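S.K.: Which chain is which? The protein sequence lines are A and B, in order. Just so you know, we're using the numbering used here here: the first sequence kicks off at 1 and counts up by one. Just so you know, we're using the numbering used here here: the second sequence kicks off at 1 and counts up by one.
Hints were generated in silico from the structure; no laboratory data involved. Just so you know, these numbers come straight off a predicted model, no measurement behind them. All C-beta atoms, glycine included, are put in the ideal place defined by N, C-alpha and C. Treat the hints with care, since some could be wrong.
[Unchecked claim] Now the in silico label distances, taken between C-beta atoms and shown as ranges:
#1 A/R97 - B/G39: 25 to 35 Å
#2 B/G52 - A/R9: 36 to 46 Å
#3 A/S37 - B/T59: 34 to 44 Å
#4 A/S37 - B/F10: 27 to 37 Å
#5 A/E130 - B/V103: 15 to 25 Å
#6 B/G52 - A/E102: 24 to 34 Å
#7 B/T59 - A/A60: 22 to 32 Å
[As the list claims (entries may be wrong)] Far from chain B, some chain A residues (derived; all Cβ distances over 10 Å):
#8 L23
#9 M32
#10 L61
#11 W75
#12 A103
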Amino acid sequence: MAHQKLSPRQYAILGLVSVCAPLGDTCLSQGMKQVASVSLSHPASLIAAVFTPWIALGIALLIGFFASYLTALSWADLTYVLPATAFGNMIVEMLSRFALHEAVSMQRWLGCLLITIGVGFVAQGPSLTERPAPAINTPSAEEEHVR
Amino acid sequence: MIAPASSVGFWPAAGMISAIILASSVGEILTAAAMKSVGDLDEIRAHSGLAGAIRAVLTCPLFFGGVSFLALAFFSLLYALNHLPLGLVAPASASLTLVTNAVGAKIFLKENVDRRRWVAAVLVCVGVYFLAH
Numbered sequence: 001m002a003h004q005k006l007s008p009r010q011y012a013i014l015g016l017v018s019v020c021a022p023l024g025d026t027c028l029s030q031g032m033k034q035v036a037s038v039s040l041s042h043p044a045s046l047i048a049a050v051f052t053p054w055i056a057l058g059i060a061l062l063i064g065f066f067a068s069y070l071t072a073l074s075w076a077d078l079t080y081v082l083p084a085t086a087f088g089n090m091i092v093e094m095l096s097r098f099a100l101h102e103a104v105s106m107q108r109w110l111g112c113l114l115i116t117i118g119v120g121f122v123a124q125g126p127s128l129t130e131r132p133a134p135a136i137n138t139p140s141a142e143e144e145h146v147r
Numbered sequence: 001m002i003a004p005a006s007s008v009g010f011w012p013a014a015g016m017i018s019a020i021i022l023a024s025s026v027g028e029i030l031t032a033a034a035m036k037s038v039g040d041l042d043e044i045r046a047h048s049g050l051a052g053a054i055r056a057v058l059t060c061p062l063f064f065g066g067v068s069f070l071a072l073a074f075f076s077l078l079y080a081l082n083h084l085p086l087g088l089v090a091p092a093s094a095s096l097t098l099v100t101n102a103v104g105a106k107i108f109l110k111e112n113v114d115r116r117r118w119v120a121a122v123l124v125c126v127g128v129y130f131l132a133h
């Protein structure tokens, strides 16, 4: 593996990956609580749920997540980008504790600690697997002679 | 009326969560393969502008395969959230997907998943479980 150092802009894109996904999931969860029970025999009700405000906001946030996620995958490994998505859960936990003053159990703090250590582990390593350069097909001497 | 979580048995719940994990993992691995074949989007945008970067992504067939499976995972998640509590669906699907993605990246994307990344995947997996359970 070659050590690929990320630029501040690339770290900002990973930050967007972290924040947009959990906020989007939270909006989806809030939206689905307000939707009547969905049955497989009436799949159209699942499509109708997409147009409710919370689910629409969740989808907008998840589109932001997907755009930044695709950008990150174009210059980093999947196993490097994935922990960043989990790091967002920790940001939401911090916001709920310090901005919303909600109670956070010891188990949740332990979860935050484990995610932080895990992300730190990956972030210190290379972001991209080094691949051998593709072999260039040069015509052999015999082929050159035939020409 | 919202279906109570207790009305769903073990096997249907396991089936819903497995569907999310499977669709999500296949989608993410196909998407990652697509983006690797497209190349660095920042460089493409610098040369061809935003339209060029969007065109590069949209002309990659693997990308549509990935998006199809991610859409399937999304609707599976919506369906599961409608029948199961978030406290079960979120930790189980999020944490197990991390591990299946690491295995898939190693096998299909040939990523160098060294000991550092395995340890990180397991730590994040357990951390997500604690956080969302």
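S.K.: Against each hint, give a clear statement of whether it holds in the structure.
M.R.: Structure-based check of all given hints:
Under the hint 25 to 35 Å, the C-beta atoms of A/R97 and B/G39, about 41 Å apart, miss the expected range. For B/G52 and A/R9, the Cβ-Cβ distance of about 18 Å falls outside the hinted range of 36 to 46 Å, so the restraint is violated. For A/S37 and B/T59, the hinted distance range of 34 to 44 Å is satisfied, since their beta carbons lie about 41 Å from each other. Between A/S37 and B/F10 the C-beta distance comes to about 20 Å, which lies outside the given range of 27 to 37 Å.
Range check, A/E130 to B/V103: about 21 Å between beta-carbon atoms, so the 15 to 25 Å window is met. A beta carbon spacing of about 45 Å between B/G52 and A/E102 contradicts the range 24 to 34 Å that was offered as a hint. For the pair B/T59 and A/A60, the beta carbons lie near 25 Å from each other, so the given range of 22 to 32 Å is met. With 10 Å as the threshold on Cβ separation, the claim that A/L23 sits away from chain B holds: the shortest Cβ distance comes to roughly 14 Å.
Its closest Cβ contact with chain B, about 5 Å, brings A/M32 to no more than 10 Å, contrary to its assignment away from the interface. Once the 10 Å rule is applied to beta carbons, A/L61 is consistent with being away from chain B; the minimum gap is 13 Å. At roughly 5 Å from the closest C-beta of chain B, the C-beta of A/W75 falls inside 10 Å, breaking its exclusion from the interface. The beta carbon of A/A103 is kept farther than 10 Å from every beta carbon of chain B, the shortest such distance being approximately 14 Å.
Against the hints set out earlier in the document, violations occur for numbers 1, 2, 4, 6, 9 and 11.
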